[in-house]
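Heads up: the sequence lines are chains A and B, in that order. Going by our numbering, the first sequence wraps up at 211, each residue one higher than the last. Going by our numbering, the second sequence wraps up at 567, each residue one higher than the last.
Worth flagging that the hints you see were computed from the coordinates, not collected in a lab. Virtual Cβ for every residue (Gly too), placed ideally from N, Cα, C. One or more of the hints may lead you astray.
Partial pick of chain B residues on the chain A-facing surface, computed with a CB cut under 8 Å [stated by the list, open to error]:
(1) Ala367
(2) Pro373
(3) Gly418
(4) Glu566
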Amino acid sequence: MIKQKKVVVVDFGMGNLQSVVSALEFLGADPSISSNPAEVTKADAILLPGVGSFRLAMQVLIEKNLDEAIKEAVQIRQRKILGICLGFQMLAESGAEDGMTAGLGFIPTTVESFIDQELEGRKLPHIGFNQVRLPKSSSLFDGFKATDDFYFIHSYRLLAQSLPGQKAICNYGIDFLAAYEHENIFGAQFHPEKSQTNGLRLLANFLSA
Amino acid sequence: MLKKRVIFTLLYDSGSFMLSRNFRLQNVGKIDWLQKNYNFSHIAFYIDELIVLDVSRGERDIERFSDTLKILAKGCFAPIAAGGGIRKLSDARKLLLSGADKVVINSVLFDDPQFVSSLAREFGQQCVVGAIDLKQDLDGTYHIYTNNGACLRRDPVNNLLEQLPERSVGELYLNSINQDGTGQGYDLGLLGLIPHQLNVPTILAGGAGRSQHLIEGLLDERVDAVATAHLFNFVGEGLRKARESVSMYGIDLANWSPLSELKSDLSKKGIEI
Chain A
3 MIKQKKVVVV DFGMGNLQSV VSALEFLGAD PSISSNPAEV TKADAILLPG VGSFRLAMQV
63 LIEKNLDEAI KEAVQIRQRK ILGICLGFQM LAESGAEDGM TAGLGFIPTT VESFIDQELE
123 GRKLPHIGFN QVRLPKSSSL FDGFKATDDF YFIHSYRLLA QSLPGQKAIC NYGIDFLAAY
183 EHENIFGAQF HPEKSQTNGL RLLANFLSA
Chain B
295 MLKKRVIFTL LYDSGSFMLS RNFRLQNVGK IDWLQKNYNF SHIAFYIDEL IVLDVSRGER
355 DIERFSDTLK ILAKGCFAPI AAGGGIRKLS DARKLLLSGA DKVVINSVLF DDPQFVSSLA
415 REFGQQCVVG AIDLKQDLDG TYHIYTNNGA CLRRDPVNNL LEQLPERSVG ELYLNSINQD
475 GTGQGYDLGL LGLIPHQLNV PTILAGGAGR SQHLIEGLLD ERVDAVATAH LFNFVGEGLR
535 KARESVSMYG IDLANWSPLS ELKSDLSKKG IEI
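Just chain A, same shape as in the assembly:
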């Protein structure tokens, strides 16, 4: 079933794509890595992994016409997308890293850095497995307990306030959005491809959602 779907991992030159591909292959999918807008538009499921700078990543996405391809697939063709780490942040309206940059605009919020007052001495970057409180009725978290552990590595975060949809929450001095699901929009601030069997389960859920 998973094998017949056209799963595309978007390559815009930032991030460890191979890990995402290995995890998807482990689950029996046959993903292709692509930076070709036409191929992205035709995908059944899109994965957008990324690490690094928000501004630079959006710049590259636009240069390669991948922003329009992703918007067409997601907003017009109603294909599902899973953003991972920076890829998740890019689904938001804007990012505050090195000045405001517009994101893909699928999640109506802004990405901002953790601030000192909320961290209360906690170290930055936020690195390691952390406990995430999971929503009850979500296809992404089907088969999970009320809380489970996932691997994070980031210094910027999205807040969950006033967002529609299913929200998974993690606390690092402040409650922030660890993962998200609303209609065909999926995202994880943590790395499912690096979160052992918890992450593999989540990816399997995304593929069969």
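Fit chain B to the given chain A structure using the hints.
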């Protein structure tokens, strides 16, 4: 709450994996040996993170090292940090494209601070692990050594660490040359050497031989993760059991279901892995 981490470090020299004692290396076997005798892809499900270091004493071959890294990364669904001899952005990129999520740097931390800054600019601060090898003199003074422990840095440790470029190193990996490979426990004295302004996660390495040592390290609030490179003590069921001991002691490690449970759950949904 953020969990503490148990990290496994693999030491690599010219195609083989090594055991190290006070930085003297002993060859234990190649990658297929590691797979066959130690079922590495099984072990990888019992660690929070993997670090792979090219500590080759002769000339390094990054192509060959990357090929080995690719094989390791294929069956490892935990974060991987890799390093050894990184001097150029292209070296770092090569490792990141071969399955590493972070790069580990050592000598360049002090040889070329500008390069450290450019690494962080290019890949993000979270991507840079600064590995510091320390040796304690008979009089109790600590010194930093670089180049696989061959080169003594004469400046005081504190000065050297304070001079690291700001917001360029995402994690520190502190390794004791005295304790390395002895199996006699970590040197918690290393933790007192970190300047306050370097408020990044700290990995303690060098000396773990039993799970009690992992516990001693993790109980220190300055420690975010402990690492062990002791192949023989922790392979097979060793790491699984060590994790259990640490958890039973009340230290909060991450939990995930065994692969067999995931397999049977997914099979009910028609997904066979």
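A quick look at each hint next to the structure:
no.: 1; hint: Ala367; result: 7 Å, holds
no.: 2; hint: Pro373; result: 5 Å, holds
no.: 3; hint: Gly418; result: 5 Å, holds
no.: 4; hint: Glu566; result: 6 Å, holds
This entry satisfies every hint, going by the numbered hints stated previously.
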